[in-house]
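Given the structure of chain A, go ahead and fit chains G, H and C onto it with the hints provided.
Residue numbers (the working numbering), protein chains in the order written: chain A, 98 to 486; chain G, 98 to 486; chain H, 98 to 486; chain C, 98 to 486.
By construction, these hints were calculated from the structure, which means they are not laboratory data. Honestly, I wouldn't trust all of these hints.
Claimed, not checked - Only pairs whose alpha carbons sit at most 30 angstroms apart, straight line, appear in this in silico DSSO-like list of lysine-lysine:
1) C:LYS145 x G:LYS257
2) H:LYS143 x A:LYS391
3) G:LYS257 x A:LYS280
4) C:LYS391 x H:LYS477
5) H:LYS371 x A:LYS391
6) H:LYS257 x C:LYS477
7) G:LYS280 x A:LYS391
8) H:LYS391 x A:LYS391
9) C:LYS371 x H:LYS289
10) G:LYS391 x C:LYS257
11) A:LYS102 x C:LYS280
12) G:LYS102 x H:LYS143
13) H:LYS280 x C:LYS371
14) C:LYS146 x A:LYS408
15) C:LYS145 x A:LYS102
16) G:LYS145 x H:LYS408
17) A:LYS480 x G:LYS480
18) G:LYS102 x H:LYS146
19) A:LYS280 x G:LYS145
20) A:LYS102 x A:LYS251
21) H:LYS391 x A:LYS371
22) G:LYS408 x A:LYS289
23) G:LYS102 x H:LYS102
24) A:LYS280 x C:LYS315
25) G:LYS102 x H:LYS280
26) A:LYS391 x A:LYS257
27) G:LYS391 x C:LYS408
28) H:LYS408 x A:LYS408
29) A:LYS195 x A:LYS280
30) C:LYS145 x H:LYS315
31) H:LYS371 x C:LYS315
32) C:LYS391 x G:LYS371
33) C:LYS371 x G:LYS391
34) G:LYS408 x C:LYS391
Chain by chain, the residues:
Protein chains: 4
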Amino acid sequence: MTNRKLRMGMVGGGIGAFIGGVHRIAATIDGEIELVCGAFSSNPEKSKKSGEALYLPADRVYGTYQEMIERERQLPEGERMDFVSIVTPNHVHYGPAKAALEAGFHVVCDKPLCFNMEEALDLQRLVKETGLTFALTHNYTGYPMVKQARDMVKNGEIGKVRKIIVEYPQGWLAQRLEVGNNKQAAWRTDPKQSGIAGGMGDIGTHAENLAEFITGLKIVEMCADLHIFVEGRPLDDDGSVLLRYENGARGVLFASQIAAGEENALRIRVYGEKGGLEWFQMEPNTLIAKWLDKPTQLYRTNLGYTTAAAKAAARIPAGHPEGYLEAFANIYRNFAATVRARMNGQEPTEHNLDFPTVDDGVRGMQFIETVVYAGSSHEKWVKFGETGA
Amino acid sequence: MTNRKLRMGMVGGGIGAFIGGVHRIAATIDGEIELVCGAFSSNPEKSKKSGEALYLPADRVYGTYQEMIERERQLPEGERMDFVSIVTPNHVHYGPAKAALEAGFHVVCDKPLCFNMEEALDLQRLVKETGLTFALTHNYTGYPMVKQARDMVKNGEIGKVRKIIVEYPQGWLAQRLEVGNNKQAAWRTDPKQSGIAGGMGDIGTHAENLAEFITGLKIVEMCADLHIFVEGRPLDDDGSVLLRYENGARGVLFASQIAAGEENALRIRVYGEKGGLEWFQMEPNTLIAKWLDKPTQLYRTNLGYTTAAAKAAARIPAGHPEGYLEAFANIYRNFAATVRARMNGQEPTEHNLDFPTVDDGVRGMQFIETVVYAGSSHEKWVKFGETGA
Amino acid sequence: MTNRKLRMGMVGGGIGAFIGGVHRIAATIDGEIELVCGAFSSNPEKSKKSGEALYLPADRVYGTYQEMIERERQLPEGERMDFVSIVTPNHVHYGPAKAALEAGFHVVCDKPLCFNMEEALDLQRLVKETGLTFALTHNYTGYPMVKQARDMVKNGEIGKVRKIIVEYPQGWLAQRLEVGNNKQAAWRTDPKQSGIAGGMGDIGTHAENLAEFITGLKIVEMCADLHIFVEGRPLDDDGSVLLRYENGARGVLFASQIAAGEENALRIRVYGEKGGLEWFQMEPNTLIAKWLDKPTQLYRTNLGYTTAAAKAAARIPAGHPEGYLEAFANIYRNFAATVRARMNGQEPTEHNLDFPTVDDGVRGMQFIETVVYAGSSHEKWVKFGETGA
Amino acid sequence: MTNRKLRMGMVGGGIGAFIGGVHRIAATIDGEIELVCGAFSSNPEKSKKSGEALYLPADRVYGTYQEMIERERQLPEGERMDFVSIVTPNHVHYGPAKAALEAGFHVVCDKPLCFNMEEALDLQRLVKETGLTFALTHNYTGYPMVKQARDMVKNGEIGKVRKIIVEYPQGWLAQRLEVGNNKQAAWRTDPKQSGIAGGMGDIGTHAENLAEFITGLKIVEMCADLHIFVEGRPLDDDGSVLLRYENGARGVLFASQIAAGEENALRIRVYGEKGGLEWFQMEPNTLIAKWLDKPTQLYRTNLGYTTAAAKAAARIPAGHPEGYLEAFANIYRNFAATVRARMNGQEPTEHNLDFPTVDDGVRGMQFIETVVYAGSSHEKWVKFGETGA
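Next up, chain A with everything else stripped away, as it sits in the complex (with noise of 0.2 angstroms):
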């Protein structure tokens, strides 16, 4: 490869979508990516339109996400797209996932990976056997101190994990948005789109991934109860679930869309035998530790005393606060380290490879359909992965 930005074509994201944006800036905010293609939109003259607004060729701009993987596999190395960003609703993750890795493309894919678990199986094991990189846009864990939360349990700082608590309030569908026009409120609510989950899928997922992703545990079993408070509405818009890890550790996870007044106050408390962290995603570069014995601690967003994968993740001098695009950005960096590493020959660095990847995503699905069922179940605990089928 020669010295130049990595190049990125899109799926999804036109005009009006939310998190189509949001890839572009965290893609290209680092300078290490260019968007060059994309198709946009399912519709071909909206999809046009979104290139052109984005300053793309007119040939660049695609009907299809199939069209567009054809055509640019055509181009030659020194133009073609490198990887694939899909920003699509669920139910359009499989297709353009399976698509790109079978012409050879690198694929970021937003979250949850896809529809079900079928699906997530079959993309893990293209992944495999292609040998391409693969990103899942759990951006949350791209944030300085969730890195430096999971260094500092990891280091053995809090001791044993003891309770995890993590949570995931929102209020923006505490009314039935999805019969108005809003968009994101529709297919969020919707089987055909969402899949068999609403708020588990859609920021539940979160939750969990945050939890693993800190603490190094997995789930082992869970009890919930999901319920939907929107009348009309088919999937699940509040849920708490009861969790056991596999170190013996007890879970709360809880992920609301009708809790009135609230933003995207994601917050995670892990306890230790020694100590306890806590993070909360709306005041980002503080990480709180809480000691046994001593004062709490503020932990802050590129200080010094940070762990190196902490430092990594942050842009600007502490005091500057860092934000979701920031984060999100972290995993785009990281992938495209990974990228370049691998083109080059040679092996990406630890810290290259701190991103969530296709297992995060098939370990995502699972815990949906795990808990969808957990839910619907007269059993009080129902293994992960269990889902009544």
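Same frame as chain A, now just chains G, H and C:
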């Protein structure tokens, strides 16, 4: 009754106890009550020394509560105590409460009410039969901003309640302090003194009571995961509970004594159809109100816009923080006003009656019995009041 | 002295007053002091009614402080008051304080000490001559975390102090409440009752005192801008002051009664060569310590790592918030312990003596006179104690 | 102008610089601007390496800004840069800015504008004469909640402004880092590169600018105490200033680089007759509004009730924190929209024009010169613009 302070006799609360001193301050802070006698310890020598340290005359310091009640009842009305305050460990609540009621004394009793449901129902019956006044010190409901929250829910400001999150994490029992000479740890982890529950009885009941107080809703069923993390401890030191309330609201309650680094982090969040409320015991003078479509508000103790009951629970101008002792004192103040009114043949006002009673105590005992059963049950949902017996 | 409570007589603090009730709670909360008599108002009828509401015998309720002092001194030792608590507006501090000292009674006096420097120096002389104990209720220095801050500075933890920011914004006088029937507003904005300063005397002195208490440093010169924002008000309701301390440290002090929306937002920040401390009166149980090279720490009331003086100023286990009344009570508690020790012919301990005295009062009066002069002066820097006279 | 990104050439910002990377992210984050060329260092070799790291073609990487401007102006319109971004230390602002304007290029320049008033006025004249667009990166005014605050003041929500407190404490220069190899510390404390002011120029100007931006009020006179705490440092590292504004409002401004333990704690409080506003840079997505008679409100980035300008400054749904880089990018985004509009012969909208200009820069230089003079003056009050010369 002539114009004088109410006279309190105390059971328990000798030198070195924690809650006894709290009760004495709470009782006397407003100048409405004076401590006139006590049986401060089952150890007569210790009782005597405690009485001296409290500047009581020697002849009003008793060796046992039985002696105190017997002797005080024989004193003339102008001299004898008016009520008994019981601040002993749980297993010594029922005895003195029953004796006091039977002897015609009003009672203030620390929570939980007693040792088991049988005792609880007996006390409830006695209170009813005697017509005496009985206050249970679920002190957290004494905070001005908790009154404000209750009133706002009652007034429909947040709409129909959908979700309740109530939690009480502490860290002080993260290690096995009870094998040292920590008296507080010793009795609270001892089934003979504490009852069938550890943390769930000690602090879980506070959480349960606070949620029912604020929302006016009753739990109808629950699913619990109780655990003992510290080896050798016979009672639960951590527990998480899924709740279902009578109106269909869902809840999560967790209480932990092994949440390392936490002090008394009792927090409640209540979400309704129109907004949400959040209150945190460690910053008790702020009530956070969140709304679907307008800025979050911070309600503050004793500002002009607060409700009458919230104002009645405050003592000093806004911005001078009122704390735990003042909240606790609000129970005594209202109890005293009720007793005084009744002594004078008047009806207590609604504000006078704003304190927890024996009925809250019965409900708390039911909670303890249900949650312990639910924790050990293989059934997912256990009805409130069900004990497997 | 026999084993009994100390006896307090009160001057001022009749029904409807604010600070009188605070003093009564603060004095009696620990069971070391009892109110035995009072001259609660210059209006004898009101004094009498106040005494009744406080359950005092009619013959211990006096029409004037002169009468109270005269009559009490004639009572036998076992019966008469031990000390006088003065809770009147500023212009009625000197008279009762002088009379009490001359009659051999110890004194607790609200701040500011008196009306002018002449009175202040006379009281200082009297205290010295009589050897009696005199406490001035600069109550904010009673908070446990303020003690902690002082001790940490004294122990050199933050290094040589360089910069001090102390502020006391209030908003309650943003409008001209004094023309209504707000008694508090009326006397505090009246030069005849308040003295030559408005806000600077009422709350500016608290800020000055707090900064000197924590840092142990004295102001040597200042530059002030005082202003009256509310038309028709004769005294300053806002002021900002640049300070220079004896060790070369620089400071900023501002106090405002027109900071709309603020309650009692007294806050101090002290920066030394190695770290900084921050304390906020409205969340008084946390002391923030910031460091050059390690995480910010939160020191919390009554945790094991706090200093002896901080622990001595706390009453209940950490996490149960202690508030304004308890901080205020710490002055009374230490005053009482000092009086008691001296009555018993013992030396008070260092902890006993940890309360503000007449010397703090003299210094506060000097601050008032200096800052008022500096505010009107055309000179940039005015020496502490300089008054243009 | 055809449908394409705007083309940016950069002066300064080579490898190892801090603010250069910030500008590159801020410029390109929205996909409206691309970096096409640069003179990244006065060291040609370093400039070349920086260009390579940025994936620029070698022939667009220049050894000097003079060369860049000369060569770029000769390129065809479809290829040459559209504007110059100047990110060098203060003493190298004027030269490239002047050259760029004279060559017909628009300019974005870091603050402070330049080295002295003479340069400042010359640039102001040049901008006026050329009609080119000039943005000064007073980046803190780019935060959504700062826009909200400005709009609320402008709309009269807090009434006539009375008091302004603006502060910028940092601790990074508490020690003499400039003698080590800290490049940032070195130039900022060197009068030859930084100018006549240290902290007051570097961060004091941000405070001054923020206060004037939000309130729309101009300082008319000031009284300053500047100090150098770190021995051997030639420029102020701490300063406190009393301010008087044109409408009679009073202010306090302090800026410190020796406030040990502080990061970038820029905070502003503005009190009007009806309410107060508070904003803190380290939690930038919340604007606190306090009121005389109703609960404090928390305004949050990108919620429905925010003003149009505040919404325009946000990128992602509420609750996903936006940070320093996004605020910085808002200046570039509005600058770009203005340039684009003018290129297309259209009038920029009010939102397009919502960025700081050369006029803010002139005012900032005046602030620096006045405050340095005031700091050394024996006069108490110094008029804004007075320099003793």
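Here is how each hint holds up against the structure:
1. C:LYS145 x G:LYS257: Violated: LYS145 (chain C) and LYS257 (chain G) sit about 65 angstroms apart, past 30 angstroms.
2. H:LYS143 x A:LYS391: Judged against 30 angstroms, a Cα distance of about 52 angstroms means the pair is violated.
3. G:LYS257 x A:LYS280: holds (27 angstroms)
4. C:LYS391 x H:LYS477: Violated, at roughly 40 angstroms.
5. H:LYS371 x A:LYS391: Distance ~19 angstroms between LYS371 (chain H) and LYS391 (chain A) Cα, so the pair holds.
6. H:LYS257 x C:LYS477: holds (28 angstroms)
7. G:LYS280 x A:LYS391: Given pair LYS280 (chain G), LYS391 (chain A) holds - Cα atoms ~22 angstroms apart, limit 30 angstroms.
8. H:LYS391 x A:LYS391: It holds: about 14 angstroms lies between the C-alpha atoms, which stays within 30 angstroms.
9. C:LYS371 x H:LYS289: Answer holds: LYS371 (chain C) to LYS289 (chain H) is near 29 angstroms, not above 30 angstroms.
10. G:LYS391 x C:LYS257: Holds, because 24 angstroms separates the two Cα atoms, which is no more than 30 angstroms.
11. A:LYS102 x C:LYS280: Satisfied, since the Cα-Cα distance of roughly 29 angstroms is no more than 30 angstroms.
12. G:LYS102 x H:LYS143: holds (20 angstroms)
13. H:LYS280 x C:LYS371: holds (22 angstroms)
14. C:LYS146 x A:LYS408: holds (24 angstroms)
15. C:LYS145 x A:LYS102: holds (17 angstroms)
16. G:LYS145 x H:LYS408: Roughly 27 angstroms between the alpha carbons, so the hint for LYS145 (chain G) and LYS408 (chain H) holds.
17. A:LYS480 x G:LYS480: With a Cα-Cα distance of about 24 angstroms, the restraint between LYS480 (chain A) and LYS480 (chain G) holds, given a limit of 30 angstroms.
18. G:LYS102 x H:LYS146: holds (16 angstroms)
19. A:LYS280 x G:LYS145: It is violated: about 74 angstroms lies between the C-alpha atoms, which goes past 30 angstroms.
20. A:LYS102 x A:LYS251: Violated, at roughly 34 angstroms.
21. H:LYS391 x A:LYS371: Holds, at about 19 angstroms.
22. G:LYS408 x A:LYS289: Not OK: LYS408 (chain G) and LYS289 (chain A) at ~52 angstroms, beyond 30 angstroms, violated.
23. G:LYS102 x H:LYS102: Holds, at roughly 17 angstroms.
24. A:LYS280 x C:LYS315: Not satisfied, since the Cα-Cα distance of roughly 45 angstroms exceeds 30 angstroms.
25. G:LYS102 x H:LYS280: holds (29 angstroms)
26. A:LYS391 x A:LYS257: Between LYS391 (chain A) and LYS257 (chain A) the Cα gap is close to 18 angstroms, so the pair holds against 30 angstroms.
27. G:LYS391 x C:LYS408: Within the cut-off at roughly 15 angstroms; holds.
28. H:LYS408 x A:LYS408: Violated, because 38 angstroms separates the two Cα atoms, which is more than 30 angstroms.
29. A:LYS195 x A:LYS280: holds (26 angstroms)
30. C:LYS145 x H:LYS315: Measuring from Cα to Cα gives roughly 57 angstroms; hence the hint is violated.
31. H:LYS371 x C:LYS315: Given that 30 angstroms is the threshold and the Cα spacing comes to 37 angstroms, the pair is violated.
32. C:LYS391 x G:LYS371: Status holds; Cα separation ~19 angstroms.
33. C:LYS371 x G:LYS391: holds (19 angstroms)
34. G:LYS408 x C:LYS391: holds (15 angstroms)
In summary, the numbered hints that this structure violates are 1, 2, 4, 19, 20, 22, 24, 28, 30 and 31.
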